[in-house]
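There are 2 protein chains.
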Amino acid sequence: MIPEDAVQIVEVGPRDGLQNLREYVETEKKISLIRCLAESGLREIESGSFVNPRAIPQFRDMSDVIKGVLDLEGVKLTALVPNLKGAQNALESGIRSLIFVISVSRSHNLNNVRLTPEESLEELKKIIELESAYAGMETQLDLATTFGCPFEIKVKEEDILRFVERAGAMGIRKITLCDTVGFANPRQVEQITHTCMETFPRITFGVHFHNTRGLGLANALAAYGTGVRFFDSSIGGLGGCPFAPGASGNVATEDLVFMFNEMGVHTGVDIHRLLKASQYLKEILPNLTLTSALFKAGLPGQVGLTGKILA
Amino acid sequence: MIPEDAVQIVEVGPRDGLQNLREYVETEKKISLIRCLAESGLREIESGSFVNPRAIPQFRDMSDVIKGVLDLEGVKLTALVPNLKGAQNALESGIRSLIFVISVSRSHNLNNVRLTPEESLEELKKIIELESAYAGMETQLDLATTFGCPFEIKVKEEDILRFVERAGAMGIRKITLCDTVGFANPRQVEQITHTCMETFPRITFGVHFHNTRGLGLANALAAYGTGVRFFDSSIGGLGGCPFAPGASGNVATEDLVFMFNEMGVHTGVDIHRLLKASQYLKEILPNLTLTSALFKAGLPGQVGLTGKILA
Numbered sequence: 007m008i009p010e011d012a013v014q015i016v017e018v019g020p021r022d023g024l025q026n027l028r029e030y031v032e033t034e035k036k037i038s039l040i041r042c043l044a045e046s047g048l049r050e051i052e053s054g055s056f057v058n059p060r061a062i063p064q065f066r067d068m069s070d071v072i073k074g075v076l077d078l079e080g081v082k083l084t085a086l087v088p089n090l091k092g093a094q095n096a097l098e099s100g101i102r103s104l105i106f107v108i109s110v111s112r113s114h115n116l117n118n119v120r121l122t123p124e125e126s127l128e129e130l131k132k133i134i135e136l137e138s139a140y141a142g143m144e145t146q147l148d149l150a151t152t153f154g155c156p157f158e159i160k161v162k163e164e165d166i167l168r169f170v171e172r173a174g175a176m177g178i179r180k181i182t183l184c185d186t187v188g189f190a191n192p193r194q195v196e197q198i199t200h201t202c203m204e205t206f207p208r209i210t211f212g213v214h215f216h217n218t219r220g221l222g223l224a225n226a227l228a229a230y231g232t233g234v235r236f237f238d239s240s241i242g243g244l245g246g247c248p249f250a251p252g253a254s255g256n257v258a259t260e261d262l263v264f265m266f267n268e269m270g271v272h273t274g275v276d277i278h279r280l281l282k283a284s285q286y287l288k289e290i291l292p293n294l295t296l297t298s299a300l301f302k303a304g305l306p307g308q309v310g311l312t313g314k315i316l317a
Numbered sequence: 007m008i009p010e011d012a013v014q015i016v017e018v019g020p021r022d023g024l025q026n027l028r029e030y031v032e033t034e035k036k037i038s039l040i041r042c043l044a045e046s047g048l049r050e051i052e053s054g055s056f057v058n059p060r061a062i063p064q065f066r067d068m069s070d071v072i073k074g075v076l077d078l079e080g081v082k083l084t085a086l087v088p089n090l091k092g093a094q095n096a097l098e099s100g101i102r103s104l105i106f107v108i109s110v111s112r113s114h115n116l117n118n119v120r121l122t123p124e125e126s127l128e129e130l131k132k133i134i135e136l137e138s139a140y141a142g143m144e145t146q147l148d149l150a151t152t153f154g155c156p157f158e159i160k161v162k163e164e165d166i167l168r169f170v171e172r173a174g175a176m177g178i179r180k181i182t183l184c185d186t187v188g189f190a191n192p193r194q195v196e197q198i199t200h201t202c203m204e205t206f207p208r209i210t211f212g213v214h215f216h217n218t219r220g221l222g223l224a225n226a227l228a229a230y231g232t233g234v235r236f237f238d239s240s241i242g243g244l245g246g247c248p249f250a251p252g253a254s255g256n257v258a259t260e261d262l263v264f265m266f267n268e269m270g271v272h273t274g275v276d277i278h279r280l281l282k283a284s285q286y287l288k289e290i291l292p293n294l295t296l297t298s299a300l301f302k303a304g305l306p307g308q309v310g311l312t313g314k315i316l317a
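Chains as they are written, first to last, in the working numbering: chain D, 7 to 317; chain P, 7 to 317.
No lab work stands behind these hints: they were computed from the structure. Just so you know, not all the hints are guaranteed correct.
Any copy will do: because identical chains look the same in the list, a pair fits if it lies in one copy or spans two.
Said to hold, decoys possible - Taking lysine to aspartate or glutamate and the EDC-like style, the derived pairs with C-alpha atoms no more than 20 angstroms apart in a straight line are:
1. K82 x E144
2. K73 x E45
3. K282 x E137
4. K132 x E29
5. K160 x E268
Predicted model only: the values in this text are computed from it and were never measured.
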């Protein structure tokens with residue numbers, strides 16, 4: 007039977023959603039988006055990425071964005087950092103929850119951050135060493151390509167477990183297993199999340215799914231069944247791979263929240279307020295097609311059907 | 007744990023997919039589409055609807071379509087019939103597996119077939135009486151609005167069970183529980199399918215989900231978990247409600263088959279051949295946007311990524 011425990015929806019739109027956009031979103035709009043999201047009841051928001059602005063110009067204003075949202079109460083703000091320099095910049099901006107990313111796949115890690123996975127682990131170690139200097143600092147890990155790699159296709163379970171073990175030995179207590187390009191299937195999700203949780207009971211595991219091939223929510227349901235309670239998603243379904251034309255991006259927060267709310271699983275998110283955040287996103291990025299199915303179709307009570315439908 | 011039994015994918019595109027199209031699909035193209043679908047390994051195909059051509063002109067050529075596909079070996083061809091007249095026409099065309107539809111919701115049944123549910127049950131009784139005159143004839147039931155109604159929103163479980171009981175008493179042995187407008191959630195699916203199967207062990211239950219709010223595959227996964235093995239889906243995600251602009255239609259066969267195949271669940275369907283059927287559909291209906299995520303994104307091995315992706 008499907009469990010009934012509450013879940014934490016982790017909003018990654020301001021980071022994973024915006025990072026692939028060509029269009030620059032002004033600082034004030036980024037701040038307003040994060041505030042809109044917080045107003046819906048979301049309690050963890052990934053606010054952006056402290057990367058080299060030449061690599062991703064979208065995030066050249068990260069320090070100012072953080073300044074504009076640090077006063078949000080009851081919201082855990084996180085930021086992605088690809089290296090030590092990014093971590094230092096993030097900490098200087100005032101943020102204390104950092105997310106470091108390593109790809110299980112060597113080719114993907116090289117392509118993504120121009121480091122071997124071993125070099126990334128060394129970088130992670132240096133970042134964790136900063137924890138003694140910054141009160142309240144916390145480092146989490148995003149384990150990219152856990153469920154498949156665009157270059158190597160299959161990823162071995164032993165490789166996943168090896169990274170989890172090494173990160174755990176460094177003191178990491180939260181790891182998000184990421185289906186970077188939408189290859190995961192529910193059985194694989196069940197097996198990998200189950201094995202990770204059984205093998206490393208002291209680590210909290212989250213999941214991050216893309217809806218590229220439509221399986222995002224089914225994968226989330228499978229992960230929920232094995233006991234995962236932290237779920238990344240992106241407002242409007244923003245994000246994903248710009249090299250798969252027409253493909254959906256991240257699991258849309260609206261759809262994920264709708265699924266859990268309808269199931270009676272506590273998310274703490276008000277779906278009506280969340281749809282206001284979607285509306286705001288649509289206003290600031292009018293040329294973008296939001297892939298959230300709920301945003302497109304509307305809530306059940308809002309549907310004004312008048313016609314003929316068979317089955 | 008997710009089970010491992012084989013499933014039967016029931017292709018409903020030629021019926022549920024085409025019925026809402028304004029564009030008439032020529033008889034030869036309908037026949038070719040059904041043949042393409044059969045070539046992919048699909049073993050049950052709903053070939054169309056024997057309705058009054060004034061109600062749905064798309065199906066004015068049903069008898070000719072059936073003539074063009076009756077020779078398909080190893081494929082169970084079905085047709086939807088909304089009343090006795092439709093059943094008689096279907097049987098005259100040579101088809102022997104009929105699907106009758108009743109909505110659990112009174113308002114929806116009135117709107118859909120201009121009969122009260124009680125009148126529909128009377129019609130069903132008359133159709134079943136034809137079975138003694140036609141060797142090999144079989145009548146199945148589609149129970150529409152099982153998971154919610156666009157007019158009445160909620161549907162009571164006792165109402166669902168009452169219809170199942172009455173249909174079962176008439177001799178119906180296969181009932182498909184239909185989420186006509188995409189209101190279902192995985193817990194509701196788990197509860198209703200479980201209760202139906204426990205209460206009526208002699209009836210085989212199938213499910214029919216729409217992806218209107220993105221939950222189609224998650225709902226299918228939940229139904230699979232409770233023991234359902236028959237799943238309706240529509241090639242290209244065709245179908246669904248024309249009154250919810252931009253909303254997805256039926257669960258796409260490509261996505262459903264991809265999910266089960268990737269999970270190692272036997273479907274008997276070759277995904278490459280199935281994508282040829284999607285391609286054919288796109289050729290004959292070039293103005294249509296197919297909502298299948300897999301069709302848009304391509305199979306994992308086919309993705310040619312070259313760029314920068316973070317998590």
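Evaluation of the provided hints:
no.: 1; hint: K82 x E144; result: within (11 angstroms within a copy, 59 angstroms between copies)
no.: 2; hint: K73 x E45; result: within (18 angstroms within a copy, 60 angstroms between copies)
no.: 3; hint: K282 x E137; result: neither (37 angstroms within a copy, 55 angstroms between copies)
no.: 4; hint: K132 x E29; result: neither (33 angstroms within a copy, 63 angstroms between copies)
no.: 5; hint: K160 x E268; result: between (34 angstroms within a copy, 12 angstroms between copies)
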